[in-house]
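Engineer: Chains A and B, in that order, are what the protein sequence lines are. FYI, my numbering numbers position 54 of the first sequence as 1001, with every residue one higher than the one before it. FYI, my numbering numbers position 379 of the second sequence as 502, with every residue one higher than the one before it.
Note that these hints are calculated values from the structure, not bench results. It is possible that some hints are incorrect.
Which residues of chain B face chain A? A partial, calculated answer using Cβ under 8 Å [said to hold, decoys possible]:
no.	residue
1	Tyr251
2	Asp253
3	Pro254
4	Val344
5	Tyr345
6	Ala352
7	Met398
8	Val400
9	Ala409
10	Leu427
11	Leu526
12	Gly529
By construction, the Cβ of each residue, glycine as well, lies at the ideal position given by its N, Cα and C atoms.
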Amino acid sequence: MTYLAKPKFHHPAIELNDLGFTHRDYEGAISTLCAGCGHDSISSAIMRACFELSLPPHRIAKLSGIGCSSKTPTYFLGQSHGFNSVHGRMPSVLTGANLANRDLIYLGVSGDGDSASIGFGQFAHAIRRAVNMVYIVENNGVYGLTKGQFSATSDRGSKSKKGVMNADSPIDLVTIALQLGATFVARSFSGDKDQLVPLIKAALEHKGAAFIDCISPCVAFNNHEGSTKSFDYVRAHNAALNSLDFITGRAPITADYAEGTTQDIALHDGSTIRLRKLSLDYDVSDRGAALNHLYQVHASGEIATGLIYLEDDSSDLHERLNTDERPLNALAEADLIPGAAALARINAGLR
Amino acid sequence: MPIESVNDFVVRFANVNGSGSASANQLFARAIMRMGVPIAPRNIFPSNIQGLPTWYEVRVTEADHLGARGGTDLMVAMNPQTWDKDVAAIEPGGYLFYDSSRPIPASKLRTDVSVIGMPLTDIVNREYSDPRQRQLFKNIIYVGALAALLDIEIGVVETLIGEQFKGKDKLIAPNHRALHIGFDYAKANFACPIGLRVRRADKVGDRIFVEGNAAAGLGAVYGGATVCAWYPITPSTSLAEAFERYCVRLRTDPDTGKRRYAIVQAEDELASIGMVVGAAWNGARAFTATSGPGISLMQEFLGLAYFAEIPAVLFDVQRGGPSTGMPTRTQQSDILICAYAAHGDTKHVLLFPRDPHEAFTFGAQAFDLADRLQTPIFVMLDLDIGMNQHLCAPFAWDDARLLDRGKVMTHDELEAGRDFGRYLDVDGDGIPYRTYPGTHPSRGSFFTRGSTRDRYARYTEEGAPYVDNMERLLRKFETAKALVPPPLLDKAAQPTRIGVIHYGSTGPAMDEAVRLLGADGVHVDALRVRGFPFSHAVTDFIADHEQVFVVEQNRDGQLRTLLLAECGIDPAQLVAVLHYDGTPITARFIRREIAAKASVIRTPARREVLS
Ligand SMILES: Cc1ncc(C[n+]2csc(CCOP(=O)(O)OP(=O)(O)O)c2C)c(N)n1
Ligand code: SF4
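Chain A on its own, in the form it takes in the complex (with noise of 0.2 Å):
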């Protein structure tokens, strides 16, 4: 059983928000992901942009694809309903979510091969529809489920842990977000608490398809061959335990810098990535010009944080369909059944 309950406590002095929830009202279950990971720390962030904003946690809804980034749903907002889909197939599962319930907040969680390879076109697809969501991409530039394969958004010329070099170019989901039509494109850094939590928040604000792009390092890279802390040396010679969590007990990777300047971050593989923070003077109402920000930053061997493009005016799905304002799943027979009368009438036209 890997299921995990977490033990209720509450201390006194435990802030509230404006729902009177405490920050444990935002939790879930206690995570299995390798100790150090990134994508724990942006479920925090997750848990706690919906904390500050005052969401009630039942009525968000989490979907997310397959792999260790589409776990994480268990481990934040264990009131809200949440499915874990197929692989690279979230996209397609939100939107039809979406469409029965527009009241809902939709949160989707993904990670770069559930929606750069296997479902790059379903991710393509729910941002040029304008689904209403908040989309984010927790990217480790591997594969980490299943144990550290290149993605689509690896770099070309970097070394897998096996010491194999990636010969294709990646894909950079901001600039695809861009291209498709997203009203809010965003990219941060999981150890970048006050970038990413604020984005959070904007992006569950904003109407239409809010995607952020979020670096998270992998921590599973450390697990070479001969290492009796590998994931399989534990695995073999310790089943009873979390194997993953045992792994490294690293401290996750975190980042504090201003907007406008870099910094470097080391990552567990010893590999290192620079991080541009967009200055204060950046225009995000300009489509065009945020594509070629973008372009030059990553010409420069930087990568670029914060809020990339928004656009305030947005649409979104329902707006488009000019669906009811009621959710569909609320609508009863009356709304939906057009009854005996215009059966004979149809069947009269019909003869």
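Model the placement of chain B with the ligands on the given structure of chain A, informed by the hints.
Structural biologist: Relative to the frame of chain A, chain B with the ligands by itself:
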């Protein structure tokens, strides 16, 4: 001897795709129906938009034989490309109607058919200067000529033209004129009527004439479907389009223009079933319409829907497989892939409508069943039902009927403290309770996943809870037996040891075959299966007969395989009668096959009598 027949013959039109003949041919068919004579028309068309041959066949059948008959009594040969084949297909003593503007060598004609040549091209060239008009009115002119040749009341055709162009009144007079050009020419130049004749009757009654796909789309409206996600594929496209058409009419708020439905043309079948699953998880009634190749793509999601217990309705309009197969021909060859869709041990509920009437009824019922059973429901149509107009009983609806939303625990029930475990079998029927997302602030939320879990929806990889869950799913499938439409028995006039099982679009041909066989002295009891899982009545029927023919339209006897797999029957007891060349099965074929195979069965019985 020329064939002489009143209200019982087959006319076949051979045309070129894109020549605008479809509406003229339909006009011809409807006129006969308006004269109170039942008709069974069928489209035979290529997987191509323009240029290739198409055929339209009208069976005129006062005796109400609505299956395809096979053979052609009157060929309207308008396609030089298919001339030889078309002429060869005419029954001995039949008739050939053709455009005689260009001379045809005698060697291209048959001496045993009556040849009626009308210089159609010359006539239209004389009467019209615009090439498009020439093409379109040529079709109306031959309808006029056929009306004279077959004794179809010209007034009826005129009325139909008036109805067709209602609102575009300017088109009525030119069409009437073209009709009369043909009618008058035939009267003046041919001995009208010929041996084939239409005589006013009262055999149509209050029946309607409609395509199965349109009927199923309307069924989805009455079933309360609000979300349709689909991807275009022949022959299912017109189903989603019909749903949209009816929704625009019936589900749009007249004041605000707001729509009480959502239709998304998805990027592919994976996305369409994904949207259906998401919408149904969230409490809306959702469906997709597709065909074999689409079902292939949906497999992974279907496994998820089965295992995670999410309602979904799929209209599968079957076509010729495997692969792209024969995209515009009919088959019943998705039975097994639908019954066992997805990896792992899965079983799905199938409904087999016979005609548009049942396509509507089962279409609506499928949504109740999906919600009640919390599982995918397949409505197994095929091209023959879906894309042809059929004469069938009018659609019926009881206004007192309520939607069966199945076991959904409400906010108040949760508030009252009812124990909620998503996968608890509270009632012993294998069906657990669910909650819609967002129902209650602190109770009733759960995690939906395709991975194994315990009764409270908590992830676990333990064997026992897995087995517990899989066994409950079997219990649920058992429950489904009583919920799907029961089989219908057509008992022979005399006691017999021969049974026939059939389903879906085979029905009309089967009814006729039963009568023909009976006249030959081969009495059969026919059972029409309308749902899977099979009810006990199906097993009992097989047990009650020595030999059971399973008649279906695929190569491998898929329903037969399903019967063997699910009912534990001796394979020797079930004899396959298979028709799968892409054309609709005919009574002639069934009669021939069963007569041949039944004689083998009857031999021992005769010997007993002799000894
Ligand atoms: C159809 C299908 N193919 C393959 C898999 C195996 N699989 C599970 S997770 C995964 C990759 C996950 O990678 P990513 O989305 O980047 O998430 P991460 O684990 O890195 O967070 C794969 C290939 C699957 N579950 N389903
Ligand atoms: S394998 Fe990588 S992505 Fe998966 S939980 Fe471990 S650290 Fe996170």
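Engineer: Quick check on the hint: alanine 352 of chain B CB to chain A CB, less than 8 Å?
Structural biologist: holds (7 Å)
Engineer: With a cut-off of 8 Å on the beta carbons, see whether proline 254 of chain B makes it to chain A.
Structural biologist: This interface hint is violated because 34 Å lies over the 8 Å limit.
Engineer: Against chain A, run the beta carbon of valine 344 of chain B and see if the smallest gap drops under 8 Å.
Structural biologist: holds (7 Å)
Engineer: Should the hint that tyrosine 251 of chain B touches chain A count as held when the rule is a Cβ pair under 8 Å?
Structural biologist: violated (32 Å)
Engineer: Go through the hint on aspartate 253 of chain B and say holds or violated, using the shortest Cβ distance to chain A against 8 Å.
Structural biologist: violated (32 Å)
Engineer: Under the criterion of a CB-CB separation shorter than 8 Å, is methionine 398 of chain B in contact with chain A as hinted?
Structural biologist: Hint on methionine 398 of chain B: holds, closest Cβ of chain A at ~3 Å, below 8 Å.
Engineer: Given valine 400 of chain B as an interface hint, is the shortest Cβ-Cβ distance to chain A below 8 Å?
Structural biologist: holds (6 Å)
Engineer: Holds or violated: tyrosine 345 of chain B as interface residue toward chain A, Cβ cutoff 8 Å?
Structural biologist: holds (6 Å)
Engineer: Can the hint on glycine 529 of chain B be confirmed by a CB-to-CB distance to chain A that is less than 8 Å?
Structural biologist: The hint is violated - glycine 529 of chain B has no Cβ within 8 Å of chain A, the shortest such distance being about 13 Å.
Engineer: Is the interface hint satisfied for leucine 526 of chain B? The criterion is a beta-carbon contact with chain A at less than 8 Å.
Structural biologist: holds (6 Å)
Engineer: Taking 8 Å as the limit, does the beta-carbon of alanine 409 of chain B come near enough to a beta-carbon in chain A?
Structural biologist: holds (6 Å)
Engineer: Under 8 Å is the threshold here; is the Cβ of leucine 427 of chain B close enough to any Cβ of chain A for the hint to stand?
Structural biologist: holds (6 Å)
Hint violations for this structure: numbers 1, 2, 3, 12, all remaining hints satisfied.
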